[in-house]
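Protein chains: 2
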Amino acid sequence: MINIGILGLGTVGSGIIRIFNENSELIKKRIGDKINVKKVLVRDLHKNRDVEIDKNLLTTNPDDVLQDPEIDIVVEVIGGINPALDFVLKAIENKKHVVTANKEMMAKEGWEILTLARKKGVDVYYEASVAGGIPIIRPMKESLTANKIEEILGIINGTTNYILTKMAKEGKEYEDALREAQNLGYAEADPTSDVEGYDARYKLAILATLAFGTKVNVMDIYTEGITRVTKTDIKYAEELGYAIKLLAIGRQRKDGLELRVHPAFIEKNHPLAQVNDVFNGIFIKGNAIGEIMLYGRGAGQMPTASAVVADIIDIIRNIKAGTVNRVVSEYDDYIPVIDMNSIVSRYYIRIRVKDKPGVMASIAKVFGDHGVSLQSIIQKDTKGEEAEIVLFTHDIVEKSISDALVEVRLIPTVIKVESVIREIR
Amino acid sequence: MINIGILGLGTVGSGIIRIFNENSELIKKRIGDKINVKKVLVRDLHKNRDVEIDKNLLTTNPDDVLQDPEIDIVVEVIGGINPALDFVLKAIENKKHVVTANKEMMAKEGWEILTLARKKGVDVYYEASVAGGIPIIRPMKESLTANKIEEILGIINGTTNYILTKMAKEGKEYEDALREAQNLGYAEADPTSDVEGYDARYKLAILATLAFGTKVNVMDIYTEGITRVTKTDIKYAEELGYAIKLLAIGRQRKDGLELRVHPAFIEKNHPLAQVNDVFNGIFIKGNAIGEIMLYGRGAGQMPTASAVVADIIDIIRNIKAGTVNRVVSEYDDYIPVIDMNSIVSRYYIRIRVKDKPGVMASIAKVFGDHGVSLQSIIQKDTKGEEAEIVLFTHDIVEKSISDALVEVRLIPTVIKVESVIREIR
Chain A
354 MINIGILGLG TVGSGIIRIF NENSELIKKR IGDKINVKKV LVRDLHKNRD VEIDKNLLTT
414 NPDDVLQDPE IDIVVEVIGG INPALDFVLK AIENKKHVVT ANKEMMAKEG WEILTLARKK
474 GVDVYYEASV AGGIPIIRPM KESLTANKIE EILGIINGTT NYILTKMAKE GKEYEDALRE
534 AQNLGYAEAD PTSDVEGYDA RYKLAILATL AFGTKVNVMD IYTEGITRVT KTDIKYAEEL
594 GYAIKLLAIG RQRKDGLELR VHPAFIEKNH PLAQVNDVFN GIFIKGNAIG EIMLYGRGAG
654 QMPTASAVVA DIIDIIRNIK AGTVNRVVSE YDDYIPVIDM NSIVSRYYIR IRVKDKPGVM
714 ASIAKVFGDH GVSLQSIIQK DTKGEEAEIV LFTHDIVEKS ISDALVEVRL IPTVIKVESV
774 IREIR
Chain B
354 MINIGILGLG TVGSGIIRIF NENSELIKKR IGDKINVKKV LVRDLHKNRD VEIDKNLLTT
414 NPDDVLQDPE IDIVVEVIGG INPALDFVLK AIENKKHVVT ANKEMMAKEG WEILTLARKK
474 GVDVYYEASV AGGIPIIRPM KESLTANKIE EILGIINGTT NYILTKMAKE GKEYEDALRE
534 AQNLGYAEAD PTSDVEGYDA RYKLAILATL AFGTKVNVMD IYTEGITRVT KTDIKYAEEL
594 GYAIKLLAIG RQRKDGLELR VHPAFIEKNH PLAQVNDVFN GIFIKGNAIG EIMLYGRGAG
654 QMPTASAVVA DIIDIIRNIK AGTVNRVVSE YDDYIPVIDM NSIVSRYYIR IRVKDKPGVM
714 ASIAKVFGDH GVSLQSIIQK DTKGEEAEIV LFTHDIVEKS ISDALVEVRL IPTVIKVESV
774 IREIR
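So the protein lines, in turn, are chains A and B.
Quick note on the working numbering: the first sequence kicks off at 354 and runs consecutively.
Quick note on the working numbering: the second sequence kicks off at 354 and runs consecutively.
Keep in mind the hints are simulated off the structure, nothing from the lab.
Since the structure is predicted, the reported quantities are computational estimates derived from the model, not experimental observations.
A pair holds if it fits inside one copy or across any two, identical chains being indistinguishable in the list.
With a straight-line cut-off of 20 angstroms between C-alpha atoms, the simulated SDA-like cross-links for lysine to any residue are:
{"no.": "1", "residue 1": "LYS522", "residue 2": "HIS623"}
{"no.": "2", "residue 1": "LYS494", "residue 2": "THR676"}
{"no.": "3", "residue 1": "LYS522", "residue 2": "ARG581"}
{"no.": "4", "residue 1": "LYS387", "residue 2": "SER682"}
{"no.": "5", "residue 1": "LYS381", "residue 2": "VAL681"}
{"no.": "6", "residue 1": "LYS568", "residue 2": "TYR684"}
{"no.": "7", "residue 1": "LYS473", "residue 2": "VAL681"}
Just chain A, with the same shape it has in the complex:
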């Protein structure tokens, strides 16, 4: 019998207990042993729980989990840095294996955690930290090892994907779609971390570390959220044969890594363009495997708990096989991250202008002066004295677009540059 201790009995913690309650026979058959939840750290002993659990297992004292010599595996499902990081480090110091679902902690402190774990001879698994139930960490560490990974494109935030899907399919504006997501529990009361792309940034940092074998500083990842995407942009995207998705992008180039999170135009026949609602999809290119995509529910109680329990089972298999640190995934390399100014893509640009003769010519001249050539131009009258110009460029370096837009904004007939969205292909 293997004893585990769980830190946290929120949504994911309760999901873990539910899995043990419902699938215990099956799991016992798969590993030839019983998993025993010995202690669960909670904040409030008397709170009503929506899962069947023996109240005697609950404790408010972290040491009941972290210091119990009979507990082999500590499961951290509190989230955030404090106090989760302290608990995890203490568990490792006490030679306990750790399973965590904590993306922020793994993105920011993963290096230190994994290095300490290796030193102490324990395993730290974190499948649930990225894309919920979708197998992605383990495939990266074990299934794609024959490949040089060239690219990762991920829809790895379910909240923003839900919002963008609602905007696209039902013509909702951003605020209305956000409110709907909040009402359904898909977005939090303060949605900042999701809609500003921070959540996706943490996950990309974790994936890029594994894919490219490098340390990643989360602050090096250019991050732009979806708050400025409008239903008008989505409509134009559709006209042009695209969907707009919040993408996490990791690319290996000769001179370094492209790491960025931003809304992007992606062609409708790309498999990621079909990933809708709260679903996640991670598209990976390797130099042997070609293209694969892993698709599923990137969040939610049971999918996330599914990943946590799979990690617990994996560690139990290690324990029973008498092995530890079988797969090592921290590297000493540091591959530089490329400056956003030097990335190349096609750009969608929407500009509100005064409906005067010559406005298009002035804009086109500025772009031409900066070497930006235009693939398509749509001009529509909106109100009486205003018009809307939508440009779609050929491949061009970001710096030229930024420079051109500074000048475009100075043209007297230009009212506002409404949107600038990169294409990904």
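On the provided structure of chain A, position chain B as indicated by the hints.
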């Protein structure tokens, strides 16, 4: 340094060598050791190879691989049962770990092979046997272990998916699409194994064993190929909001397993309906994880070799960690396979009739007598004296459809029951 021996230097064997040639530094970094290809069994020493390989490594004597005490891992990429099975068993007897890409062997003899391997204390890995490079065996064995798997739906034969895609997108007839697939090397000169569904059957047997924890006899899997699917059926499918795909279906029911391979109607917004060309997709439902799909190239030299090399790396990690049989995946259970007569689905039925009054009434009466209720009816005049009737039923047990169709065929105004295709949802 780990020595491996390879049996076979065909497409996949050459792909493995190519990966070692191209990604050796990367692999060395990942596992902290060098992989040395010590011997490669070939049929012809003097044949020109399209991959760079030292001719001194080649041998025509299997014992140079199977009996060499310095070889730790034997890689079998010959395919088929003879002589591959003999070689694999001999390798295991000689305490060598085995990596194989052989679906037929693993589907038919996997049980015996894995049991012997366990007895002898070696590992046998076979990720490449199903869906080429797509990680599926390892996710089944390690990532989904917290779940009761309820359903697998797979597009796991690239050849037939290519043919059906061409029929759908370019309105080609089956024979023309097959010929095109043959010209492109996607289909063999004798395409039987692909187009009759046998290849998919092997793969389903392997997946079902892992998913449901049971022995599977391949002959228990109902199998129907795509040779009778016409472009007319595909057109009607589209009218009704469906795609037609060759699906491998595994479902856990209270009374046993549904295991079947056949062309099926699948709704256009289902993720599998978007899996086109030679791509594969495997859709899995688990009671915790919900729905996931794994998508990628299900065949081809490099994707398949990618999976083989990942298995080699996994075994090397086991060797270096001093562990073996860490994950066991053979079970002693035998879950019965449910008779096709008892499955329930909706059916698409296309009937050619004489364009006479009362023909629809006679057909409808027969279906009504057998409890089959119709969801939609399309009747079209085709030629002067003939008409085409397309029926789409509500859920009904297969037995009732078969019985009804026996009687429908006896109606004098019925010329031919052209197609009967099950829906999957």
